[in-house]
Amino acid sequence: MSHEGLFSGGTENVMRWVSGAGIVLGLAAAGILIVVLARKPEWRGSAPAKWALLVGLLVLPGMTMLSGNVVGFHKVKNSCTQCHTMDPWVQDMKDPKSTTLVSKHYQNRWIPDDQCYTCHTGYGLAGNIQAKIGGLGHVTHEYLTGVPDVIKIHRPFNVDTCLHCHGESVKYLKIDQHVDAEMKPKILSGELSCFECHASPHPRKKP
Amino acid sequence: MSDVPAPPAPTTPPAAPPAGSARLITAACALGLLGIGFSLAHFIRPSPLLFALFMIVGQGSFGLALLFYVIAIFTDLRRKKVL
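Chains as they are written, first to last, in the working numbering: chain Z, 1 to 207; chain R, 1 to 83.
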């Protein structure tokens with residue numbers, strides 16, 4: 001049990017509090033609904049029942065669902081490593097001897113948390129929504145339709161993800177090709193992938 | 001004329017809500033409980049599968065419960081000629 005207050009500690013601590021609030025609100029709502037269901041059917045259609053349901057069916061569950069979304073969207077950011085399907089890639093990422101870009105980013109803590117999510121999610125609200133829909137597809141594959149033998153990236157990797165951190169950095173601008181009048185527009189438009197010149201971030205074959 | 005008080009006027013019991021409204025409320029409660037159940041499962045044991053179930057089944061049933069509740073209220077308001 002955490003001894004930290006709501007506004008102290010890191011995000012995980014806040015999420016614990018939000019989870020706790022969600023559980024309490026959910027139980028309270030369930031209690032009201034059970035009481036309503038336990039009464040006579042005629043009473044359920046009465047005005048007092050509807051007032052009770054305003055709290056038990058609208059206010060409390062609404063807050064529970066909101067808490068569930070906040071906690072869920074936070075937790076799923078690091079859920080990529082929970083399916084055994086991704087084990088080879090995760091092992092490569094965490095392997096200190098690996099020289100892949102992913103491993104370097106992980107070993108050097110260039111991306112401190114949620115490494116998979118950070119690189120495989122577009123920026124902004126649209127990126128988050130797209131990632132959630134994609135994640136839902138992954139869960140479907142894992143539990144219902146089966147994982148394909150060959151795992152491929154769904155769409156070409158968005159160059160903006162790399163440029164978000166590297167673009168305009170001094171080290172990046174020192175490379176002639178990055179600022180070349182002909183190549184720069186192609187890089188920025190995504191026509192030229194970073195991986196045309198740089199090594200693939202993950203092992204080319206299943207590690 | 002005597003001072004005997006007049007007998008109280010006969011009172012009519014409040015009209016019972018229609019069975020349809022009560023059924024809608026019952027269904028709303030059941031669906032609400034289902035949604036809350038998935039929420040609690042997701043809080044207690046967070047995993048991608050339970051989160052997906054919470055998002056689809058839990059919130060879906062909760063949304064349906066709210067719809068039933070709103071329909072029941074509108075039905076009653078129309079029955080009472082408020083709307």
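Please note that the accuracy of each hint is not assured.
Straight-line Cα separation of at most 35 Å, DSBU-like style, residue types lysine-lysine; simulated pairs [what the hints assert, rightly or not]:
hint, chain 1, residue 1, chain 2, residue 2
1, R, Lys80, Z, Lys104
2, Z, Lys171, Z, Lys186
3, Z, Lys184, Z, Lys152
4, R, Lys80, Z, Lys75
5, Z, Lys104, Z, Lys40
6, Z, Lys50, Z, Lys104
7, Z, Lys104, R, Lys81
8, Z, Lys40, R, Lys80
9, Z, Lys186, Z, Lys97
10, Z, Lys132, Z, Lys152
11, Z, Lys40, Z, Lys75
12, Z, Lys77, Z, Lys50
Short, incomplete list of chain R residues facing chain Z, as computed with Cβ under 8 Å [unchecked claim]:
hint, residue
13, Ala22
14, Thr26
15, Ala27
16, Cys29
17, Gly35
18, His42
19, Ser47
20, Ala52
21, Val57
22, Gly60
23, Ser61
24, Ala65
25, Leu66
26, Leu67
27, Phe74
Quick list of simulated restraints, FRET-style, between CB atoms [stated by the list, open to error]:
hint, chain 1, residue 1, chain 2, residue 2, range
28, R, Ala30, Z, Gly137, 25 to 33 Å
29, Z, Pro112, R, Leu49, 55 to 63 Å
30, R, Ala27, Z, Ala126, 18 to 26 Å
31, Z, Ser200, R, Ala27, 50 to 58 Å
32, Z, Pro148, R, Val82, 54 to 62 Å
33, R, Leu49, Z, Val179, 40 to 48 Å
34, Z, Pro148, R, Leu49, 29 to 37 Å
35, R, Val82, Z, Ile151, 55 to 63 Å
36, Z, Arg16, R, Leu49, 37 to 45 Å
37, Z, Thr81, R, Val82, 52 to 60 Å
38, R, Ile44, Z, Met183, 26 to 34 Å
39, Z, Asn128, R, Phe74, 32 to 40 Å
40, Z, Asn108, R, Ala30, 47 to 55 Å
Worth flagging that the hints you see were computed from the coordinates, not collected in a lab. For every residue, glycine included, the Cβ atom is placed at its ideal position computed from N, Cα and C.
**Q.** Violated hints - listed by number, lowest first
**A.** Per hint list: 1, 4, 5, 6, 7, 11, 12, 15, 21, 22, 23, 26, 27, 29, 30, 34, 36, 38 violated.
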